[in-house]
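Asker: Letter by letter, the chains look like this.
Number of protein chains: 2
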Amino acid sequence: MTTMLKTQHCGTLSKANVGETVTLNGWVQRRRDLGGVLFIDLRDRSGIVQIVFNPAFSGEALAVADRARNEYVLAVRGEVVERDAETVNPNLPTGEIEVRIKEIEILNAAKNPPFFIEDGIEIDESLRLKHRYLDLRRPEMQRTLMLRAKAAKIFRDYLDENGFVEVETPILINSTPEGARDYLVPSRVHPGEFFALPQSPQIFKQLLMVSGMERYYQIARCFRDEDLRADRQPEFTQVDIETSFLSQDQLLAMMEKLVVRLFKETAGADIETPFQRITYADAMGKYGSDKPDLRFGLELQDVSDIVAESGVQVFANVIKKGGQVKALNAKGCAAWSRKEIDDLGVFAARYGAKGLAWMTYKDGELKGPIVKFFNEQELEQLKQRLQAEEGDLLLFSADTKKVVADVLGNLRLKIGRQLGLIDDSKFKFAWVVDFPLLSYDEEAKRYVAEHHPFTRPKEEDMHYFDTDPGQIRAQAYDLVLNGYEVGGGSMRIYQREVQEKMFATLGLSKEEAQEKFGYLLEAFEYGTPPHGGIAFGFDRLVMLITGRTNLRETIAFPKTASASDLLTGAPGPVDAKQLEDLSIRLALKQPSAKA
Amino acid sequence: MTTMLKTQHCGTLSKANVGETVTLNGWVQRRRDLGGVLFIDLRDRSGIVQIVFNPAFSGEALAVADRARNEYVLAVRGEVVERDAETVNPNLPTGEIEVRIKEIEILNAAKNPPFFIEDGIEIDESLRLKHRYLDLRRPEMQRTLMLRAKAAKIFRDYLDENGFVEVETPILINSTPEGARDYLVPSRVHPGEFFALPQSPQIFKQLLMVSGMERYYQIARCFRDEDLRADRQPEFTQVDIETSFLSQDQLLAMMEKLVVRLFKETAGADIETPFQRITYADAMGKYGSDKPDLRFGLELQDVSDIVAESGVQVFANVIKKGGQVKALNAKGCAAWSRKEIDDLGVFAARYGAKGLAWMTYKDGELKGPIVKFFNEQELEQLKQRLQAEEGDLLLFSADTKKVVADVLGNLRLKIGRQLGLIDDSKFKFAWVVDFPLLSYDEEAKRYVAEHHPFTRPKEEDMHYFDTDPGQIRAQAYDLVLNGYEVGGGSMRIYQREVQEKMFATLGLSKEEAQEKFGYLLEAFEYGTPPHGGIAFGFDRLVMLITGRTNLRETIAFPKTASASDLLTGAPGPVDAKQLEDLSIRLALKQPSAKA
Numbered sequence: 001m002t003t004m005l006k007t008q009h010c011g012t013l014s015k016a017n018v019g020e021t022v023t024l025n026g027w028v029q030r031r032r033d034l035g036g037v038l039f040i041d042l043r044d045r046s047g048i049v050q051i052v053f054n055p056a057f058s059g060e061a062l063a064v065a066d067r068a069r070n071e072y073v074l075a076v077r078g079e080v081v082e083r084d085a086e087t088v089n090p091n092l093p094t095g096e097i098e099v100r101i102k103e104i105e106i107l108n109a110a111k112n113p114p115f116f117i118e119d120g121i122e123i124d125e126s127l128r129l130k131h132r133y134l135d136l137r138r139p140e141m142q143r144t145l146m147l148r149a150k151a152a153k154i155f156r157d158y159l160d161e162n163g164f165v166e167v168e169t170p171i172l173i174n175s176t177p178e179g180a181r182d183y184l185v186p187s188r189v190h191p192g193e194f195f196a197l198p199q200s201p202q203i204f205k206q207l208l209m210v211s212g213m214e215r216y217y218q219i220a221r222c223f224r225d226e227d228l229r230a231d232r233q234p235e236f237t238q239v240d241i242e243t244s245f246l247s248q249d250q251l252l253a254m255m256e257k258l259v260v261r262l263f264k265e266t267a268g269a270d271i272e273t274p275f276q277r278i279t280y281a282d283a284m285g286k287y288g289s290d291k292p293d294l295r296f297g298l299e300l301q302d303v304s305d306i307v308a309e310s311g312v313q314v315f316a317n318v319i320k321k322g323g324q325v326k327a328l329n330a331k332g333c334a335a336w337s338r339k340e341i342d343d344l345g346v347f348a349a350r351y352g353a354k355g356l357a358w359m360t361y362k363d364g365e366l367k368g369p370i371v372k373f374f375n376e377q378e379l380e381q382l383k384q385r386l387q388a389e390e391g392d393l394l395l396f397s398a399d400t401k402k403v404v405a406d407v408l409g410n411l412r413l414k415i416g417r418q419l420g421l422i423d424d425s426k427f428k429f430a431w432v433v434d435f436p437l438l439s440y441d442e443e444a445k446r447y448v449a450e451h452h453p454f455t456r457p458k459e460e461d462m463h464y465f466d467t468d469p470g471q472i473r474a475q476a477y478d479l480v481l482n483g484y485e486v487g488g489g490s491m492r493i494y495q496r497e498v499q500e501k502m503f504a505t506l507g508l509s510k511e512e513a514q515e516k517f518g519y520l521l522e523a524f525e526y527g528t529p530p531h532g533g534i535a536f537g538f539d540r541l542v543m544l545i546t547g548r549t550n551l552r553e554t555i556a557f558p559k560t561a562s563a564s565d566l567l568t569g570a571p572g573p574v575d576a577k578q579l580e581d582l583s584i585r586l587a588l589k590q591p592s593a594k595a
Numbered sequence: 001m002t003t004m005l006k007t008q009h010c011g012t013l014s015k016a017n018v019g020e021t022v023t024l025n026g027w028v029q030r031r032r033d034l035g036g037v038l039f040i041d042l043r044d045r046s047g048i049v050q051i052v053f054n055p056a057f058s059g060e061a062l063a064v065a066d067r068a069r070n071e072y073v074l075a076v077r078g079e080v081v082e083r084d085a086e087t088v089n090p091n092l093p094t095g096e097i098e099v100r101i102k103e104i105e106i107l108n109a110a111k112n113p114p115f116f117i118e119d120g121i122e123i124d125e126s127l128r129l130k131h132r133y134l135d136l137r138r139p140e141m142q143r144t145l146m147l148r149a150k151a152a153k154i155f156r157d158y159l160d161e162n163g164f165v166e167v168e169t170p171i172l173i174n175s176t177p178e179g180a181r182d183y184l185v186p187s188r189v190h191p192g193e194f195f196a197l198p199q200s201p202q203i204f205k206q207l208l209m210v211s212g213m214e215r216y217y218q219i220a221r222c223f224r225d226e227d228l229r230a231d232r233q234p235e236f237t238q239v240d241i242e243t244s245f246l247s248q249d250q251l252l253a254m255m256e257k258l259v260v261r262l263f264k265e266t267a268g269a270d271i272e273t274p275f276q277r278i279t280y281a282d283a284m285g286k287y288g289s290d291k292p293d294l295r296f297g298l299e300l301q302d303v304s305d306i307v308a309e310s311g312v313q314v315f316a317n318v319i320k321k322g323g324q325v326k327a328l329n330a331k332g333c334a335a336w337s338r339k340e341i342d343d344l345g346v347f348a349a350r351y352g353a354k355g356l357a358w359m360t361y362k363d364g365e366l367k368g369p370i371v372k373f374f375n376e377q378e379l380e381q382l383k384q385r386l387q388a389e390e391g392d393l394l395l396f397s398a399d400t401k402k403v404v405a406d407v408l409g410n411l412r413l414k415i416g417r418q419l420g421l422i423d424d425s426k427f428k429f430a431w432v433v434d435f436p437l438l439s440y441d442e443e444a445k446r447y448v449a450e451h452h453p454f455t456r457p458k459e460e461d462m463h464y465f466d467t468d469p470g471q472i473r474a475q476a477y478d479l480v481l482n483g484y485e486v487g488g489g490s491m492r493i494y495q496r497e498v499q500e501k502m503f504a505t506l507g508l509s510k511e512e513a514q515e516k517f518g519y520l521l522e523a524f525e526y527g528t529p530p531h532g533g534i535a536f537g538f539d540r541l542v543m544l545i546t547g548r549t550n551l552r553e554t555i556a557f558p559k560t561a562s563a564s565d566l567l568t569g570a571p572g573p574v575d576a577k578q579l580e581d582l583s584i585r586l587a588l589k590q591p592s593a594k595a
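First to last, the sequence lines map onto chains A and B. Anchor point for the first sequence: position 324 equals 324 in my numbering, and the numbering is continuous, going up by one each time. Anchor point for the second sequence: position 326 equals 326 in my numbering, and the numbering is continuous, going up by one each time.
Warning: the hint list may mix true and false statements.
No copy labels: a pair is met if it fits in one copy or bridges any two.
[Claimed, not checked] Computed cross-link-like contacts, SDA-like style, restricted to lysine to any residue with a CA-CA straight-line distance of at most 20 Å:
1) K6 <-> N162
2) K130 <-> S564
3) K6 <-> A253
4) K516 <-> G268
Think of the hints as simulated: they come from the structure by calculation, not from any bench. Keep in mind that this is a model prediction, so the values were computed, not measured.
The shape of chain A in the complex, shown without the other chains:
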């Protein structure tokens, strides 16, 4: 190994170092030979500096340097000198100096990399993932990983200061009763039995509250074996938090301060508190989403009352069946072509719309195929409800509440984006609160927990347990940012009689509850404090802070949408002996069955 180990980092050199002899270690970013003088941009984690080999002062080092190609690893020693005024590079932080090299050692050679090591490359992502170790050399990837580390530190520092104790919970846990998305791990010691990887540390953090730890956190790896989308990974990181003896308001206020600090120290953004709070009902009503993007308006309007008696049969039918008709005013879009409006219909169909009715406001009146079915008064009411003005395009969705919300919520986002209503430099936070505690599962003919069966109902809704459980609102909250859910949690049930009511409402007998949640129920009987918590989606927060749209850009070694690691080839086949040791064998379906 060389004795020429770095005394300085490339990117930190400046005029203050002029005259110093420095030793640098780094990678060749670029080389230029100008009339027998060799210039190399040497790169390390801190940045780039120009080093110079000149027969006048480099001696034998020049010949050695001449063998170096892109991405070679060099150790060099030389003197920092000021550049001539005409060769100063204002685009480079070190551009006022260069280093005249007297000694060099090639620490390692490099094959020509499959893509350039620089920001903003347009390369097939799979090639980047296959050579992730080269992709991570690019400054923007290094900055992202460093920002991620900084964000973790900000979380920890804040939580430490506020009396939260970091506790590690197990990764090898029990499979949950509805563990359809659990990754399973066969046990060698207990043949036929399995561990599961945690989808979250939920049960353990509640047990820590029973343990009297009072305040807990963990930056925890979680696992979910599900069909992947662009913003999901089979393993993901959440900042997991639980506290005893705080009210929901106290906890949310404490978390707001944390988020403010995080965004100030990573993105330089000033976030105002308190964050807007919007009920689940309002979010769905106005934005068609429980994670509304609040950077712009374009709110949905319920027009069911106005259109119910119109001659549009579809509207009338939907309303009779308990559905609704809502509308969106696409301001100034009346001039969109028929093709453009039809495209909106195609888009809407992706979210379940059977059609997309529309009107334009042109030449002082509402126009379009359905206008003829309305009387003057109805049209006037529509104009007022939708604040329609000359040049507007009105879009109508008629269906079940759920479909209407999906269709118009997504149209709202699409049109907002298209109209340039969204300020991408803005971080707009809100708490969505008062989620429903239960939803009715038509198939199973019973209520199911919206969040999980330990979520605490709102005190004032407790009476609905006996009359209309679907009306109960939960002490549950999500933190949304620019249309993304970046955190969520709830206050938990801590009283046995409430827990029993909850289980009974979910259709569980005492025996079933015992079988499914026995150890937890038993724990709850030994003096459980009032408690609640939250989990932040760490990968997604880093993604939003760095202005990315893909979670993979925030993770050092991510998996693809098909849950593979293109670098190492995981997952892969294993030896028959390994399976035998685990008392399992493969049970592959026939290719025919697969097709």
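Dock chain B against the given chain A, drawing on the hints supplied.
Answerer: The following block gives chain B in isolation, referenced to the frame of chain A:
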């Protein structure tokens, strides 16, 4: 939920708070009724305070409080008052005050716990693990978890300050070629394929060095599916560190400062640097162990040269066969009974000893069954070599080097403990260096890597590749503390020609190397910097800092020696449907085959 949320922590109240009205939340540690006045010790994470219910000032709160039993959760409000001089409790940090309660709410009831919530209980460990949430309420367990969190923070702060970047590496990885101890995770998306859980992030941390991250760390969960011992857990935590562009000496010096800070800030201990360095050869020679407890002497002495020609046939035979004879001087133990010495023989047999020869130094001469086989000169040499004095007991082991080291190394520890030579208040660190790079596997008839195939050989031993590979020492090091290995690592190979030599010596063809380590070898070709690293055993460090002897005491939710979680019952059976989704089925051996 109550509106009486804590304004103060129980254990922090003092005379400074006298006159204040405080709200406290906590658990009933103990209650005493003295003539109609009720005293409750209220406990939270911070400690205990006495609260008082008296008809004179508590009103209706007294009757409510009277229902409270041990481990009930209370919210109380009242005034802090100074205690009378005669009722001050000097054993309690809050013993100078008490709180006169005016309002109370029972937040939760509690069943009578199966053991007392206090330190130093002598309870069957399985009962504690089954009710871990109660065990963790005990102050010593809470202190341990808080110390663990603090230790993690010290590691992170130091590493952050020194330019290390925290990077999360995957938990779902490839099974390694020799992955006999890998936990496997079947893939749902890729039927018949498996992920493995990492035994360490080794490959990813080296890839991060190839990525130019230069300095990396992670407090990483690792997994090993092996037969468990008292100081092993199926999942464990290591502080994983890797750096580029540092020499071994620079890295070890940097880590020493880290360890010094850790022990100063957690244990209040002053650790001297530089740490002693001892070669593997010396450690094995003098202490019979590669993780010697250096808090005491009692060194082993090689006496092969002295005893080779003696009439003790066993000694002569062993030496002829390439073995050795070593001895240990148990100072002052000549008076041990025959039974006591026989017991040492039984102990030695556990480590492979076929017998344990001995002599005593009594009445000015060596005595014992084997003395008659030695001549005067040999006896004199033995006395001198072993610095034998009146009253000493000399113990001899004759066998292969390995067995002799095991036998006498363990006898040394046992006798050192028995003689009170070990100062338990002392933290004695040392680096064991110059481990052998390779060992010869007699069965496979080839060399195998002692550490892993990427460990860098010492420069000055490189020539042995062509002559005697067993002689090559590695740039590998372990950190030992009081007889435990608490860390270990190595400089890694970064030059292709060295890596190829290494693989060839391990008997790997180029094709095999490619098949086993292809993606890593390819990565190494794109400009790999010199790098190396270390991993600290975090659980074990916390165990030693807190003076425990059992890793389970340092982990919130540990598993038993048979890799079970007694609290949740993990691992457990899963649904047939889950297995079908994963394309596996059980292949349990017949009970008869099992017996």
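Asker: Hints first: check each against the structure and report whether it holds.
Answerer: Tested hints:
1. Taking the shortest Cα distances, K6 and N162 sit within 20 Å of each other only across copies (14 Å), while inside one copy they are farther apart (40 Å).
2. In the homo-oligomer, the alpha carbons of K130 and S564 lie at most 20 Å apart inside one protomer (11 Å), although the nearest pairing across protomers, at 38 Å, exceeds that limit.
3. Only between protomers do K6 and A253 lie at most 20 Å apart by alpha-carbon distance; the minimum there is 16 Å, versus 46 Å within a single protomer.
4. Taking the shortest Cα distances, K516 and G268 never come within 20 Å of each other, neither inside one copy (47 Å) nor across copies (46 Å).
Going down the numbered hints, you'll see the structure goes against just number 4.
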